[in-house]
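With the hints as constraints, model all of the structure from the sequences given.
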Amino acid sequence: MTTTPSLGSSRRVVVKIGSALLVDQESGELKHRWLEELVADVAALKARQKDVLIVSSGAIAVGRRLLGYGGRALRLEEKQAAAACGQVKLAHAYQDVLSRHRIMAAQILLTFDDTESRRRYLNARSTINTLLSAGAVPVINENDTVATQEIRFGDNDRLAARVAGMMSADVLVLLSDVDGLYTADPRIDPSARWIERVDALTSEIDAMAGRTRSSDASGGMITKLAAARIALGAGCHMVIAKGAVDRPLSAIEQGARSTWFVAGASPLAARKQWIVNTLKPRGALIIDAGAASALKQGRSLLPAGVKGVEGDFMRGDAVSLRRPDGAEAGRGLVAYSASDAKLIIGHKTGEIEPILGYRGRDEMIHRDDLVLFE
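Here the sequence shown stands for residues 287 to 660, numbered as in this note's numbering.
One or more hints might be untrue.
Calculated lysine-lysine pairs in the PhoX-like style (CA-CA distance at most 20 Å, straight line) [unchecked claim]:
id	residue 1	residue 2
1	K332	K375
2	K634	K593
3	K317	K628
4	K582	K593
5	K593	K528
Here are the simulated distance ranges between beta carbons [unchecked claim]:
id	residue 1	residue 2	range
6	K634	G541	49 to 55 Å
7	K634	D532	15 to 21 Å
8	E639	M390	45 to 51 Å
9	R386	D471	34 to 40 Å
10	A326	E639	18 to 24 Å
11	S412	R361	43 to 49 Å
12	L353	D382	21 to 27 Å
13	R533	T469	27 to 33 Å
14	D598	G294	22 to 28 Å
Hints are computed from structural coordinates only; laboratory data are not their basis.
Glycine is no exception: its CB is placed at the ideal position from the N, C-alpha and C atoms.
Printed below as a string of structure tokens:
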């Protein structure tokens, strides 16, 4: 059994905040004091050189009161209208509190399609990585205003898990109204036992899931276990912890009761398994001997080391790497379309912009997006 993970040993952390934690269910007002305590934890993690991303619920809960919808069930278009109003207030609150710690807030709105479409997935990943490199904290929510029922996540637990996988996070923190997974709903069954650690999502674990009680929350233990499947599949550990406490992230680090879901592989290893085992190559790059040698030393594939392009692929597609003798040397996610790749192969990175008219990535395939075969 591997050692139980921790926030302290993590490089990149995604924190998901439930609506009931952030918004008073009666007044629809944001809980500013609680948010200040959470952001103090976020600032402390960043001071230790950790990347932090926040996936925040609450826009609909705030907006529905602003629009006078009360506590009744809302139609999809009413949820979208409420989200449009509430998101403004929510984003301003994050900006205000984070700025007190001299941290920039950045708003990102995503739909399920954004994590399924390769091009939009890569654009989102690149944008968020750029924000993290600049020291910002991305605050992410579902783009409810434009999402239709067919392309919605429907809950931010699964959105957070998708973001954690997309950004190769080490830990996904689900702050909730419960302090972990129990054998049954402890609010109903007093004999329910707390589960400290989960190493595999078995049918027995699935049977422990309960249902949400909040009119604003769309999650529940069922969606949290669904999020765990996504996160663990991406090599990301996940923890469910009680959020309604002062400094909730510090509480986790200090040993507060929570349930850890432990991934069996690192984010990078899981990503490379996905590239090899899930994605079908859309074409091939023919590499020279010098490039083959550089790749074995852990370097990225540069345009100068590519001699030929086969197939019709788009940026972000999986392609095969072939040596001049035709043998497959590996697979990876290519940073250029086939048409653009044909124009820049054999050239130095400094020549890419003059040739294409825009500045793309220096690498044809980054080493993190590359798997070599023995």
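Okay, the hints, checked on the actual structure:
no. : hint                    : result
1   : K332 x K375             : 24 Å, violated
2   : K634 x K593             : 13 Å, holds
3   : K317 x K628             : 55 Å, violated
4   : K582 x K593             : 18 Å, holds
5   : K593 x K528             : 55 Å, violated
6   : K634 x G541: 49 to 55 Å : 53 Å, holds
7   : K634 x D532: 15 to 21 Å : 55 Å, violated
8   : E639 x M390: 45 to 51 Å : 28 Å, violated
9   : R386 x D471: 34 to 40 Å : 38 Å, holds
10  : A326 x E639: 18 to 24 Å : 43 Å, violated
11  : S412 x R361: 43 to 49 Å : 35 Å, violated
12  : L353 x D382: 21 to 27 Å : 23 Å, holds
13  : R533 x T469: 27 to 33 Å : 29 Å, holds
14  : D598 x G294: 22 to 28 Å : 47 Å, violated
When held up to the earlier numbered hints, the structure conflicts with 1, 3, 5, 7, 8, 10, 11, 14 and fits the remainder.
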